[in-house]
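> Protein sequence lines correspond, in order, to chains A and B. At position 343 of the first sequence the residue is numbered 343 (the working numbering), and the sequence of numbers has no breaks. At position 329 of the second sequence the residue is numbered 1329 (the working numbering), and the sequence of numbers has no breaks.
No lab work stands behind these hints: they were computed from the structure. Accuracy of the hints is not assured; some may be wrong.
As the list claims (entries may be wrong) - The calculated lysine-lysine pairs, modelled on DSBU-like cross-linking and capped at a C-alpha distance of 30 Å, are:
hint: 1; chain 1: A; residue 1: K398; chain 2: A; residue 2: K340
hint: 2; chain 1: A; residue 1: K340; chain 2: B; residue 2: K1286
hint: 3; chain 1: B; residue 1: K1286; chain 2: A; residue 2: K366
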Amino acid sequence: MKLELRNITKRFGTLTANDNISLTLEPGEIHSLLGENGAGKSTLMNVLYGLLQPDEGEILIDGASVKFNGPGDAMAAGIGMVHQHFMLIPVFTVAENVVLGNEPTSKLGSLDLEKARALVKEISDRFGFQIDPDAKIQDLPVGAQQRVEIIKSLARNAKALVLDEPTAVLTPQETDELMDIMRGLAKSGTSIIFITHKLREVQQVSDRITVIRQGKVVASPSPKASASELASLMVGREVDLNIKRKPPKVGAETLVIRDLTVLDDRQHQMVDGVSFSVRDGEVLAIAGVQGNGQTELAEAILGLRKIHSGSIEVAGRDLTKSTVREVLEAGLGYIPEDRKKDGLVGDFTISENLMLDGSYAPPFAKGFEIDFANRDRIAEELIAEFDIRTPSATTLVKQLSGGNQQKVVVARELGRELKVLVASQPTRGVDVGSIEFIHEQIIAARDAGKSVVIISTELDEVLALADRIAVMYRGRIVGIVDSKATREKLGKMMAGIAA
Amino acid sequence: MSAKKASNVSQIQEDRVNSVLREIMAGDPVRIALSVLLGFFIGAIFMVVFNTDVVKSWSNFGADPNLALSTVWWTVQDGYGALFTGSIFNLSAGSFVEGIRPLTETLRFAAPLIMAGLGVALTFRVGLFNIGATGQIMMGLAGATFISTRTHMPIILHMLVAVLAAIICAMLWGVVVGVLKARTGAHEVIVTIMLNYVATSLFTYLLREPNLLLEANGAGTPKSDNPDGTARLGRLLGPDFNLHYGLIFAILAVFAYWWLMERSTFGFRFKMVGHNASAARTAGIKVENTFIWALAISAAFAGLAAANQGLSVDGGLTASIEAGIGFDAITVALLGGSRAGGVVMAGLLFGAFKAGSATMQVSGVSPEVLGVVKALIVLFIAAPPIIRAFYRLPSPSIKIIESAQKAKAAKVVS
């Protein structure tokens, strides 16, 4: 099947999310759609999947114009979509999930699970997916769940698959496996639109690349293009992907964590006997696939989450039972992984957000009253220092781009006297330009002699920043290695295999 | 993974509910003004449709269309004209003092609405949908009445102590809600509704007790003595006007509220919790304690409204002295967008409705029209999409996209 998007334009109010975008997908081709967050990739795919109607332009299948009024039409036409968040029912088996909404029935109208099972087995064997039709979704690793999503589409005779940021949730090994699967599918004639912002993967697997920036197609570079070429196209200017940093000048151990055990809200043990220490002037990265206890570890350090056993010390002071405010006052800076939920108040202005955790004391407060003069002065200083692009300090934070929002958080946390910085996913959902800047700031904090902990699921980020790398798997630290560790070795550790 | 995904879905639903609630409680001034306008407009339709003169003239529309149309006009003008006469200025009055009396009546009715409205507004800003002002006023009344009828003190001091008693009793009632919410997670809407019933019955019970609040020589009816002269809120403009010192308390309350919410660090914390409790917690704020403080301070404002009512009656009081203020306070807070200035305006509007309804009745328009107007205004505020559809306003999500685009444009410029 040949799929064509011709001159698609989609506007929201005065914003043009897709501006005259054309895209062709040949049979058996892997076509990478590369662009930053907010470039218009998702809008384009929602148009293709019938979730949005284009204002202009048309969709053609094998040269004939088609109109999709909803995902049902798109699926019927042979288009399958694997969303970033899986649409699976955890307590159902693979076979049940695959046929859901399209159940084969026996003559009497009852569900024919045998047929479903056979179907899953057939597809799984054909592409080497190694999926057991009777396994429950909740028991499968994330990579396998993703393959179930793909089987779901193939079971409905999808000829063109859209994979939306499929590697965001995978370990490096699972990512490699997915790349193999994609190649296999393409060889058998299924074409794939691969949406991502990760350059390495684009280079590995693409037959063709289209780069989208601010709603427009800006280039169709060759699959052999270098990473920095691709990055420059994506961002629209030269990008230096390698941060220059001096060897660390380490000092005393400032953050010391011993045998820390933390439970989540359902009383599951999420952090299991974790010990490590961070010295002044170094960056310790905690790598690992999402959901292996990193979130709970960070929350426990900040005092947000109760510690079940073990201890946390900052500069010799025991903070195991401290409140969040005590931890902050002890000199810990904290960048939460979900800035919109935990780091910012969207309806507050930038200047108000910059005093979120210090509003009760000088310089932000004068007695019981807010010191407005200081607040505004500090805001202007931090906006300039941290290059926050905004019309003014009184702009609401929710109106800023993701990168500038994150700069507000970084500015607030680095803007005060710190001993330790704990940063979770410091560049998630942030544009490449801001990633560069935030990384520079983190390294600057390290060089100023602060102890820095980076919690990141992005291996590129870990390798760019870390002096030492601790890998977490199922609540435990698999090992702590130095920054020269290979990608492959780290990948193995992320899957729980000790070095 | 699975549970995480399930929680994501409920998170999204919760976000949607919260964003609608927040939009309602935040109150965009333009939308509110349009709601009021539309409320008055539909109120006018009611006046016209149920007026016999209009119906008669329209049945002869073919014969005399001018008459039909002018009857409509005059009916509306009479109705809202009477509201003006009864609440702002009586143009046909013999003297200026007589003429201005309606305005002072509006102020008298507005004062308790403003004070209680500020209390409710405060909790809205913290993200709590508190509808417990009624109960807090009842408890405040109990405190004020006890001090004003059972104790004897010098003038002014007696009044101040009675006001303080009203504030403290109301605050205690508010703290109960806060503690239940903070410690058990009970939802404040349920708790406040139920405590309203409890407080109303409790106050009536106290009014029946000969040793507590029941009037001297009282029979079975739950009614108190008249407050001591020393405890009464004195007349502000002399014996010609009913307006009393409650207005001064209302003005002080407005300034206190403004300072608290706009200038103080407490207000900043309240707003932070109201907009994003999760970020507040990460910033080191004890969200549960903030709820308790907010409910306590909110109840203090309700207590002031109670004092206003309890210390200005003539001839003893019953539970009916509450006069629906606790419930109207919710409306006033919504209508005022939970801002000090907005609450003042909304309180004045509702005070005018109360002051003007008698003259409307005299002029032959049923004052229930005002009830309809009031209810419709709230309905429109509580359902932003209706107002947006009626006036073809853009939805807020589009507004955000547009402003994001503006921010982007600014970025390009810089």
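> Within a Cα-Cα threshold of 30 Å, do K398 of chain A and K340 of chain A meet the stated pairing?
Status holds; Cα separation ~8 Å.
> Sort out whether K1286 of chain B lies within 30 Å of K340 of chain A, counting only the CA atoms.
holds (19 Å)
> Does K1286 of chain B pair with K366 of chain A here, judged by a C-alpha cut-off of 30 Å?
holds (21 Å)
Consistency with the previously given hints is maintained throughout, with no hint failing.
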